[in-house]
Amino acid sequence: MMCTQPITNTKEAKWQKVLYERQPFPDNYVDRRFLEELRKNIYARKYQYWAVVFESSVVVQQLCSVCVFVVIWWYMDEGLLAPHWLFGAGLASSLLGYVLFDFIDRGEGRKKSGRTRWADLKSALVFITFTYGFSPVLKTLTESVSTDTIYAMSVFMLLGHLIFFDYGANAAIVSSTLSLNMAIFASVCLASRLPRSLHAFIMVTFAIQIFALWPMLQKKLKACTPRSYVGVTLLFAFSAFGGLLSISAVGAILFALLLISISCLCPFYLIRLQLFKENIHGPWDEAEIKEDLSRFLS
Amino acid sequence: MVLKAFFPTCCASADSGLLVGRWVPEQNSAVVLAVLHFPFMPIHVKELLAQVQQASQVGVAVLGTWCHGWQEPNESLGPFLEGLGAIFPHEPWLQLCRERGGILWSCKVTRLQAPAVPDTPREDQVMLIFYDQRKVLLSQLHPPAVLPDHQAGDATASASGLAAVFDTVARSEVLFRSDCFDEGPVRLSHWQSEGVEASILVELAKWASGPVCLLLAGLLSLISAASTCRVFRMWPLSFLGSKLSTCEQLRCRLGHLTLVFSPQKAESPTQLMRKANTLVSVLLDVALGLALLSWLHGKNRIGQLADALIPVADHVAEELQHLLQWLMGVPAGLKMNRALDQVLGRFFLYHIHLWISYIHLMSPFIEHILWHVGLSACLGLTVALSLLSDIIALLTFHIYCFYVYGARLYCLKIYGLSSLWRLFRGKKWNVLRQRVDSCSYDLDQLFIGTLLFTILLFLLPTTALYYLVFTLLRLLVVAVQGLLHLLVDLINSLPLYSLGLRLCRPYRLAAGVKFCVLEHETGRPLRLLMQINPLPYSCVLHTYRLPSCGCHPKHSWGSLCRKLFFGELIYPWRQRGDKQD
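Line order of the protein sequences matches chains B and F.
Residue numbering for the first sequence follows this note's numbering, beginning at 1 and increasing consecutively.
Residue numbering for the second sequence follows this note's numbering, beginning at 1 and increasing consecutively.
These are calculated hints, taken from the structure and not from any lab test.
Don't take every hint at face value.
[Said to hold, decoys possible] One-sided and incomplete, this derived list gives chain F residues near chain B with beta-carbon spacing under 7 Å:
id, residue
1, Lys335
2, Ala339
3, Phe424
4, Arg425
5, Leu446
6, Thr450
7, Thr454
8, Ile455
9, Phe458
Please read these numbers as outputs of a predicted model, since none were measured by experiment.
No residue lacks a Cβ here, since even glycine has one placed at the ideal position from N, Cα and C.
If we strip away everything but chain B, and leave its shape as in the complex, we get:
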């Protein structure tokens, strides 16, 4: 690369960017070619606005899940919603979701994971049995603990659930296990405040449906049929908004603002900020190994 450069002054020795030869220049000498190799923003990505809005729907969905869960719990606590209704609705939607889950990709995912229907049935039985068996214990578990403590704990746990949820980003903080566990902990805490053990049982079952099963279905929907996914997201968001509106108008408006800012304003802001990006690259970068080195590992 150095040899291709034209020689400006033939009398002077040509400077070479090597350290292994003795040259008549000081060590920190560079010539005019220094910044020729500077590159800017080579890895910067151009975002499409509507694509970013589409991706942000995962966050919206999760916020709506938490909101729906809290709303349902409030209805149960107030006695406005009979547990049988919730159980029936939950059972029906679970069955529908289960059928959809296999129908969307025509059983390809199931074949790939090798999970049998017997295993699904066993898991479902384990959920139901343990929750039903422990529901009397759950009912009396936090009797002596103050309600405010329980609320604070639940809020922290649900926030933690939102923070650690796997939204598809590749970051160290993401831990779907921790996120799910925190949601279950919060649901157990909230369920222990309900008036009867049947309520507690149905609340915890509902928590599993909305926090564990629903995101799995969402992921598949998003991958296979993006159009229907957008529709489902809108529907879900409106239903959460409606549920919250029936409890508190101010809360509903704040929630709607939050959703709009996340799905519309934040993508817009991201694309605007992209213009100010100034990433420089050059020969001073750290060495980067691009080859696949796994053959050396054996």
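Please build the complex by placing chain F on the supplied structure of chain B, with the hints as guidance.
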């Protein structure tokens, strides 16, 4: 170099004669052991010295002459003394003189061989050190001998030099056997020359000790053979034997008695002292035990004790019931899980009920049991105390049971919580690598784990409170038992004989010596008096402490706290893991 002459004080007034003793060339000192009086036959003297040398393995020789009462070395005596030097050749030749009744001492040292440099004076500087022969003979210089106090200026005797002096005196006991009443060919003057010290009682005891020791050793070996027979090794008996402190104490005492009455002679003074200490400790123990026995069995004290014992046990049970009822309410305003609280409280209350019925069933027999137990005091106070400790352990068995239940429950919770907390974070304990790894769990595992985690977390305070209260009760009982064991250990391991010796005969246990200046004049030999420094009491205790034979668990405070925190049982059960260590 200064020549040191150690001279026994008892010979200071002896008639003239020859100085018999040992020359220590390394220290450049002469240890005079006795004065051999005129007249004598040189052949007899040499025979005697050879006999002593053979018996004591000490190089005893004639060191010089001793003249007492001459104003000046006479003209006739001078050559005579010079001539003696030719008969008993010794290098150097000492000539000690003392005026009769006076305080003027003179000492002359002559070396037969001419010195290498002719100008150096033939006479060396001499230092006379007086020592009490009896004390030095009987005393035992301790191995960690401190350097003697240099009170008298340039008195320089290193510890090893002192040890040589003490050793020489102690080993040449054969020389001191003869007194002035013996019809021997030679007459000696030493500390026993006025008559050999002896006591009829000591002689009788010495004479009787042999057969008695043999008899008792036979009896003891019979007992120990019986105690090692197979029946005692079978499961329940061996287990009981290792847990009851009475059995431990009896075994310990048996070992002590075997040591005391073993027919072998003690090899070293330390071993002798240990035997004596053990014997005195056993004797004192038995004496105290007999006193206790006579106190207990007089005036129907056993009956009173038995009558008092049942109400005390009842009272303890009642207090425990009150405590449990307090715990079942809202103790100290703590928020406990009511359902679990009720379950635990009722369980423990039923246990107390069972215990009280058991005590009442036992009550008619308590007096007889106590009477028979009281008889064991004749084996010694320590046995009685150990028995008391065992009785306390048996009478507080319910507290122990509560503690074990509480600790087991708490331990289960703690371990469950710690492993479920790992599951909560999506981690697991890797046994092979001894570290926490991340792990992907199934959905149902996660769900059940979190459910259990929540339940255990909210139930933990209740269990922890029960555990805390019962642990405190248990620690109280253990502290009382520990005090009893400490007392027993004190009696077992206190070196009473050595302490008594230190109190009554301080010179017997020497830590070193100190020197007092008697006379310091120019032209005269420096005269010093050697006195024995007794060993300090702390040193006596440290050196002669008998090994304690308890089976006390050795816990550091840190490990104890750790065990308490994790709910592991502290005493006396061992965890299963401990056995592998």
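Looking back at the hints listed earlier, which ones does the structure fail to meet? Violated hints: none at all, because every hint is consistent with the structure.
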